[in-house]
Every structure is written in structure tokens, then in C-alpha cells.
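J.: This is what each chain is made of:
Number of protein chains: 2
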Amino acid sequence: MNFSIREGKITDMPSVLSLIKELAHFEKEPEAVEISVADLEKDGFGNAPLFKTYVAEIDGEIVGMALFYPRYSTWKGPTIHLEDLIVKKNKRGLNIGSELYKKVITYGSKLGVKRMEWVVLDWNTPAIEFYKKTGAYILDDWKTVQMDELAIKNYLDSL
Amino acid sequence: MNFSIREGKITDMPSVLSLIKELAHFEKEPEAVEISVADLEKDGFGNAPLFKTYVAEIDGEIVGMALFYPRYSTWKGPTIHLEDLIVKKNKRGLNIGSELYKKVITYGSKLGVKRMEWVVLDWNTPAIEFYKKTGAYILDDWKTVQMDELAIKNYLDSL
Chain A
1 MNFSIREGKI
11 TDMPSVLSLI
21 KELAHFEKEP
31 EAVEISVADL
41 EKDGFGNAPL
51 FKTYVAEIDG
61 EIVGMALFYP
71 RYSTWKGPTI
81 HLEDLIVKKN
91 KRGLNIGSEL
101 YKKVITYGSK
111 LGVKRMEWVV
121 LDWNTPAIEF
131 YKKTGAYILD
141 DWKTVQMDEL
151 AIKNYLDSL
Chain B
1 MNFSIREGKI
11 TDMPSVLSLI
21 KELAHFEKEP
31 EAVEISVADL
41 EKDGFGNAPL
51 FKTYVAEIDG
61 EIVGMALFYP
71 RYSTWKGPTI
81 HLEDLIVKKN
91 KRGLNIGSEL
101 YKKVITYGSK
111 LGVKRMEWVV
121 LDWNTPAIEF
131 YKKTGAYILD
141 DWKTVQMDEL
151 AIKNYLDSL
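Line by line, the protein sequences are chains A and B. Position 95 (the first sequence) corresponds to 95 in the working numbering; numbering is contiguous. Position 126 (the second sequence) corresponds to 126 in the working numbering; numbering is contiguous.
To be clear, the hints were calculated from the coordinates, so they are not data collected in a lab. Some clues are possibly wrong.
Copies of one chain are not kept apart here, so a pair can be met inside one copy or by any two copies together.
Unchecked claim - Derived pair list, reagent style DSS-like, types lysine-lysine, alpha-carbon separation capped at 25 Å:
1. 52 x 153
2. 132 x 9
3. 110 x 88
4. 110 x 89
5. 114 x 52
6. 91 x 42
7. 153 x 110
8. 133 x 21
9. 28 x 132
10. 21 x 114
11. 76 x 52
12. 103 x 133
13. 102 x 133
14. 28 x 89
15. 89 x 114
16. 9 x 133
17. 9 x 153
18. 28 x 76
19. 133 x 76
20. 76 x 42
21. 52 x 42
22. 9 x 76
23. 88 x 114
24. 42 x 114
Could you build the full structure based on these sequences and the hints that come with them?
T.: If you want it as C-alpha cells, here you go:
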């Protein structure tokens, strides 16, 4: 099966949201997706877009996508964060994921960023093995910390 | 000792870099800081700034800072990432860190972000305890993955 990869357009956002939901399901948090197609259209295609995407297509159907955006390291300078890399379950094994990955890393390299970064679930062994094989490092000693909307509100109310 | 907090200006970047180096030393990676004052000036104060800062001042001396920037969650939408929160060693215990923290979270709350996020070293127990006390969650199952400049080059060369 032949696929092609191109930059995501505003009209791809319904398909992108389906893929986001498929990944959330795989990551065992299907209820966590609060975002809508309208949010993705507004946030990714306004005056100051908050992310970019690449999509993989087979016969006009979006079967995979990578979503990424700039970050900043106070040690290295500008970086690119890969937020999501998703291939439809019934289209795995066709090399689509590794081609999307290559495309994002090539994009970062052309921009001259000093680092690419992302996160992975510690039980997602196939992903971890793939990343290691490409020369990426798993940083075992850094933990992610988050405050959601309710935690932010509770904290500020408590002051 | 009285301190005040304000938004960081371009002329604060030399002091900001000193604090970044102090934190890298504390994090046992003193050699990791490759960034220069000129980089911080260019990246933080151009047409499309890559970060914002708050600085804490005592008698005109910068004694602490928080550096942060927008990110994007495909589950929640716009977020703020707190990259660094640093107080000079000889100015700890004056509540400066918690006031900088409050300032950044207030900023995110006013923007209407759905999440604040950052990372912490797993051995930095005082920081972890502080974050937990404010209602933040430590996500134990997510690992950070990175490719540095050399790894990016090696990976792309290998294709």
C-alpha cells in the first residue's frame, strides 16, 4: 500500500481529532480528550499557530499524523517537541510511523534546533525500543509534573 | 528582606543566564549550558518571542527568576510549560520561589490555559514536596525522550 506524507491543513482536523482519540484510547485515557475540531482549527491555523502537523494519506484517507511545536531549553536554545505520533491501528506495519518521525526530525534539523523531545509511557515498550534504535535517549530521572484546570483554580483559591 | 517581582526585560538576561547556570550546577550538569546572553536576548525579545520570564529583585539585584512558554496538549488545548524556576542560593527561605511560582500560575490562569506543566528531577525531594502541596500531580508513568543535535545528525545520516 502506498502512502504519502504532507503538511496538515485545516480541513484535515476532523481526521486528526479521530487519530488523537485513537491514541488516547491506546494510552488508556479515552475520556481525557476534551478538545474539539473547532479548537484544533482555531489553535493550529490562526495568526500565531500553536502547532504544526504532518499527515500520512492512503487514497485520500488520513491514516497517520504527527503533531509538534517549538519549545525552549535554557541549556540548549530552541527545540521541537513532538506531542503526538499516531498511525491508525489497521495501517500499522507499513512504515508510516517511522516516515512521519523522520519527517518531523528533518523539519527540526532544517530549523537548526538543538534538541528534539517528547514523552512516552513507560509500558509502551515497542515505542521505547523504536526511539532507542534511532539514537534517542530515555531520561529516567526526570518526572513530568502537571496542574490541570481544577488544580490551578484550587491552588489560586487557597492563597 | 523585601523583594519585588516583575516581568523580565532584555537587560535582565545576563542575570537570568547566571541563574540558569546556578540551576544547572545544582542539577549536576554544569557543563550542559550552551546558551549565551545574546541567544536569550534574541530568542526572548524578537518578533516571535520563544519564552517569557518573571524576575525577583532585591535592591535592584535579580535574585530569582521563572522562565515559561506556551505548549499544546492534544487532549486539553493550550498549556503553559514552566521551564525553570530558580532562586539564588543565598536568598532561599524568603518565599521568593513560591511567589514566582504563584505569579506564573496566575499568568496561565488568566490566559485560560487548561494545564500547567513542568519537569522535576526524581531526587529533588523538596521541590516534589512543594509541588504536591500546591496540588500538582507527579506523573510517574511518563518518560522524557530526547535527541540532541548530534543524535539528530547521526539519525538522519543513517537513513
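J.: If the cut is 25 Å between Cα atoms, do residue 91 and residue 42 qualify within a copy, between copies, both or neither?
T.: Neither: 29 Å inside a copy, 43 Å across copies.
J.: For residue 133 and residue 21, with the copy left unspecified, which applies at a CA distance of at most 25 Å: within, between, both, or neither?
T.: neither (27 Å within a copy, 32 Å between copies)
J.: Between the shortest in-copy and the shortest cross-copy C-alpha distance, which are at most 25 Å for residue 28 and residue 76: within, between, both, or neither?
T.: between (34 Å within a copy, 16 Å between copies)
J.: Since the copies are identical, ignore which copy is meant and state whether residue 102 and residue 133 lie within 25 Å (CA to CA) inside a copy, between copies, both or neither.
T.: within (13 Å within a copy, 41 Å between copies)
J.: Are the CA atoms of residue 42 and residue 114 at most 25 Å apart within a copy, between copies, both, or neither?
T.: between (29 Å within a copy, 15 Å between copies)
J.: Within a copy, between copies, both or neither: which one fits residue 28 and residue 132 at a CA-CA cutoff of 25 Å?
T.: Intra 23 Å, inter 24 Å, cutoff 25 Å: intra and inter.
J.: Measure nothing new, just compare the shortest in-copy and cross-copy C-alpha distances for residue 76 and residue 42 to 25 Å and report within, between, both or neither.
T.: For residue 76 and residue 42, the Cα distance is within 25 Å only across copies (14 Å; inside one copy 30 Å).
J.: Under a CA distance limit of 25 Å, which applies to residue 133 and residue 76: within one copy, between copies, both, or neither?
T.: Cα proximity of residue 133 and residue 76: one copy only (23 Å, versus 31 Å across).
J.: At most 25 Å between C-alpha atoms: does residue 76 with residue 52 qualify within a copy, between copies, both, or neither?
T.: both (22 Å within a copy, 16 Å between copies)
J.: At most 25 Å between C-alpha atoms: does residue 52 with residue 153 qualify within a copy, between copies, both, or neither?
T.: between (30 Å within a copy, 22 Å between copies)
J.: Using 25 Å as the alpha carbon limit, work out where residue 110 and residue 88 are close: within a copy, between copies, both or neither.
T.: Neither. Shortest intra-copy (28 Å) and inter-copy (37 Å) distances fail the 25 Å Cα cut-off.
J.: With 25 Å as the alpha-carbon cut-off, assign the pair residue 132 and residue 9 to within, between, both or neither.
T.: neither (31 Å within a copy, 40 Å between copies)
Checked against the numbered hints given earlier, this structure breaks hints 2, 3, 4, 6, 8, 15, 16, 17, 23; the rest are met.
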